[in-house]
Amino acid sequence: MRRSKYERPVHLLSDNDRPRLTTSAMIASIAGADQPTRAAPFGHALARLAEKDARIVGLSADLAKYTDLHVFRATHPERFYQMGMAEQLLMMSAAGMAREGLQPWVTTYAVFASRRAYDFICLAIAEEMLDVKIVCALPGLTTGYGPSHQATEDIAMFRGMPNLTIIDPCDALEIEQAVPAIAAERGPVYMRLLRGNVPLVLDEYGYGFELGRAKLIRDGRDTLIISSGLMTMRALEAAKTLQKDGVDAAVLHVPTIKPLDEATIVAECRKQNRLVVVAENHTVIGGLGEAVAATLMRSDIRPAGFRQIGLPDQFLEAGALPTLHDMYGISTTKVVSAIKGWLDT
Amino acid sequence: MTQIGHNVSLPERARRIRRHALRMGEVQGQGYIAQALGIADVLAVSYFHATTYRPDDPEWEGRDRFLLSIGHYAIALYAALIEAKIIPEDELETYGTDDSRLPMSGMAAYTPGMEITGGSLGHGLGIAVGMCLALKRKKSKSFVYNLFSDGELDEGSTWEAAMSAGSYKLANLIGIVDVNQMQADGPSLGVLNFEPLGPKFEAFGWFVQRVNGNDIDALVKAFDAARHHAGEQPRIIICDTKMAKGVPFLEARERNHFLRVEPHEWAEAIRIIDAGVQA
Numbered sequence: 001m002r003r004s005k006y007e008r009p010v011h012l013l014s015d016n017d018r019p020r021l022t023t024s025a026m027i028a029s030i031a032g033a034d035q036p037t038r039a040a041p042f043g044h045a046l047a048r049l050a051e052k053d054a055r056i057v058g059l060s061a062d063l064a065k066y067t068d069l070h071v072f073r074a075t076h077p078e079r080f081y082q083m084g085m086a087e088q089l090l091m092m093s094a095a096g097m098a099r100e101g102l103q104p105w106v107t108t109y110a111v112f113a114s115r116r117a118y119d120f121i122c123l124a125i126a127e128e129m130l131d132v133k134i135v136c137a138l139p140g141l142t143t144g145y146g147p148s149h150q151a152t153e154d155i156a157m158f159r160g161m162p163n164l165t166i167i168d169p170c171d172a173l174e175i176e177q178a179v180p181a182i183a184a185e186r187g188p189v190y191m192r193l194l195r196g197n198v199p200l201v202l203d204e205y206g207y208g209f210e211l212g213r214a215k216l217i218r219d220g221r222d223t224l225i226i227s228s229g230l231m232t233m234r235a236l237e238a239a240k241t242l243q244k245d246g247v248d249a250a251v252l253h254v255p256t257i258k259p260l261d262e263a264t265i266v267a268e269c270r271k272q273n274r275l276v277v278v279a280e281n282h283t284v285i286g287g288l289g290e291a292v293a294a295t296l297m298r299s300d301i302r303p304a305g306f307r308q309i310g311l312p313d314q315f316l317e318a319g320a321l322p323t324l325h326d327m328y329g330i331s332t333t334k335v336v337s338a339i340k341g342w343l344d345t
Numbered sequence: 001m002t003q004i005g006h007n008v009s010l011p012e013r014a015r016r017i018r019r020h021a022l023r024m025g026e027v028q029g030q031g032y033i034a035q036a037l038g039i040a041d042v043l044a045v046s047y048f049h050a051t052t053y054r055p056d057d058p059e060w061e062g063r064d065r066f067l068l069s070i071g072h073y074a075i076a077l078y079a080a081l082i083e084a085k086i087i088p089e090d091e092l093e094t095y096g097t098d099d100s101r102l103p104m105s106g107m108a109a110y111t112p113g114m115e116i117t118g119g120s121l122g123h124g125l126g127i128a129v130g131m132c133l134a135l136k137r138k139k140s141k142s143f144v145y146n147l148f149s150d151g152e153l154d155e156g157s158t159w160e161a162a163m164s165a166g167s168y169k170l171a172n173l174i175g176i177v178d179v180n181q182m183q184a185d186g187p188s189l190g191v192l193n194f195e196p197l198g199p200k201f202e203a204f205g206w207f208v209q210r211v212n213g214n215d216i217d218a219l220v221k222a223f224d225a226a227r228h229h230a231g232e233q234p235r236i237i238i239c240d241t242k243m244a245k246g247v248p249f250l251e252a253r254e255r256n257h258f259l260r261v262e263p264h265e266w267a268e269a270i271r272i273i274d275a276g277v278q279a
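Taken in order, these protein sequences are the chains called A and B.
Under our numbering, the first residue of the first sequence carries the number 1, and numbering increases by one thereafter.
Under our numbering, the first residue of the second sequence carries the number 1, and numbering increases by one thereafter.
It is possible that some hints are incorrect.
Stated by the list, open to error - If you want the ones that stay clear, here's a sample from chain B, every Cβ over 10 Å from chain A, calculated: (1) 7; (2) 187; (3) 191; (4) 192; (5) 204; (6) 211; (7) 216; (8) 262.
To be verified - One-sided and incomplete, this derived list gives chain B residues near chain A with beta-carbon spacing under 10 Å: (9) 125; (10) 129; (11) 157; (12) 167.
Think of the hints as simulated: they come from the structure by calculation, not from any bench.
C-beta atoms are modelled at their ideal positions from N, C-alpha and C, and glycine is treated no differently.
All chains, full assembly: derive it from the sequences and hints.
Set out below in structure tokens:
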């Protein structure tokens, strides 16, 4: 619980007794200080793809610079459409363009696509299986701006929408690979976007994105972490730390949330009776965790344990991202301590 | 521009559209028949004077796109599509029944000639904006018509679309708004006052005309002016129509958004239409 707004903060900047993290310094990137990154992988991948595919157009709702679509705008100005800060129109006009044979790539923030434009995605796009790709920045807890910008429930909302494919990529490499893959598949897609300087993680594991496929990135005897999006990055970091303490953690990356690769999830859980931990950058309600739980129950699988790492069912606080990731348990250190605690009990 | 039946007059087309709609209404015993009777003249001019299409090829690339934003007006559009020979006339007896191609709310996946899925109101004009932008990319000469209701003026999405159409100077967009002054909860202006409507669209950069939507001669002139207007701007025809037009005993009903009609009254309504009785 936040303290009352009539209570002053414990420390002031002028106290100068310790370094203070600010919200704005952490807006642009989720990358750690020494992490390798690639700049605007989505914008560059789309610009490259558009060279080969004349159907592709890009649409923005006054956020091109903040969704990396500005890269596409610079290379293909005549195929860039500024729809204004009007997300309902953004989705409707994309539907109209798709009806005429174009492949619109629609960008905004995940909060606005899910909360504000849901009806327009549902009826104008998904119900008609139109070939519209919706790519949205600031998924889950990737900004410290507070609930107005934190799309903590976007996957829960979109999982309920028939026909819609949902992608939650982990890093720059996966975004680069996912763009041509989802372009090649006809139909509506919602992809969560990591923007700006995006960490590069999966190259180390020889990973390749396949639409609709979960992939075991590392194996381990003691626990199986099933994760999506940036939480796969956290899970891989956590697994390295756990290894030093003698805990052998497997990581199964599930970038396609819907349709879910139930066969691979079931096979991995059957392979060995381990603690299953689902980690997601999303509320624990209605996301990957509950999807996996339902899959296991339907398949009569009873793992050694089932736990969720995810955001609480709350409107989250404002602040610096590292502070908030610690507070809500999705930082690497919190993932490590949670898993250790579960394995010890 | 009409593709078929130059020898049939527009008033006769409108009469037949009303007749088809009444026959479909009779299948259900109730429905949005007042809207269909009110918009029949607009549809007659749209399908038999203004728009270009091929009845045997509803998705022909060169056609004008006619979007029905108002899902519950499907009964009216089906009547026009039957008259235009895009849908066979004998299917009207399936209206709103299981396995029909004519569901009560208009959906693109069900019906030849139905360009979009309506029903969640306030979608049509924005979809039209996207189609117009795409048609300009394709250097197409086709127009996009979007028929929407005065109730849809309540929706913010309609105004997002109106502003962008003006901003993009979409001269290939022709909006048709049916001002029949009746919404689900009662008279439209009492639900939410959208007047003065013409000046609103003018302020958004549109070429605006306002006509009696049950006056076929006035409609012909307005559609011609909309198509031939020289300005690089979207066009709108505001059509003031009368709910249940052409069947005086239905026109007289106070709340006629969703009409209940007694079984014996359908035949009477059709008799009045066939006799060419105009109120």
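Results of checking the hints against the structure:
1. 7: Answer for residue 7 of chain B: holds, closest chain A Cβ roughly 34 Å.
2. 187: With a cut-off of 10 Å, residue 187 of chain B remains clear of chain A, as the shortest Cβ separation is near 26 Å.
3. 191: Per Cβ check, residue 191 of chain B is outside 10 Å of chain A; nearest 20 Å; holds.
4. 192: holds (18 Å)
5. 204: It holds; residue 204 of chain B is separated from chain A by about 13 Å at its closest Cβ, greater than 10 Å.
6. 211: Non-interface label stands for residue 211 of chain B: nearest chain A Cβ at 26 Å, farther than 10 Å.
7. 216: holds (30 Å)
8. 262: At roughly 35 Å from the nearest Cβ of chain A, residue 262 of chain B sits farther out than 10 Å, so the non-interface label holds.
9. 125: Hint holds; residue 125 of chain B Cβ to chain A Cβ min 8 Å, cut 10 Å.
10. 129: Holds: closest Cβ of chain A sits about 5 Å from residue 129 of chain B, inside 10 Å.
11. 157: This hint holds: residue 157 of chain B lies near chain A, its Cβ roughly 4 Å from the closest one there, short of 10 Å.
12. 167: holds (7 Å)
The structure agrees with every numbered hint stated previously.
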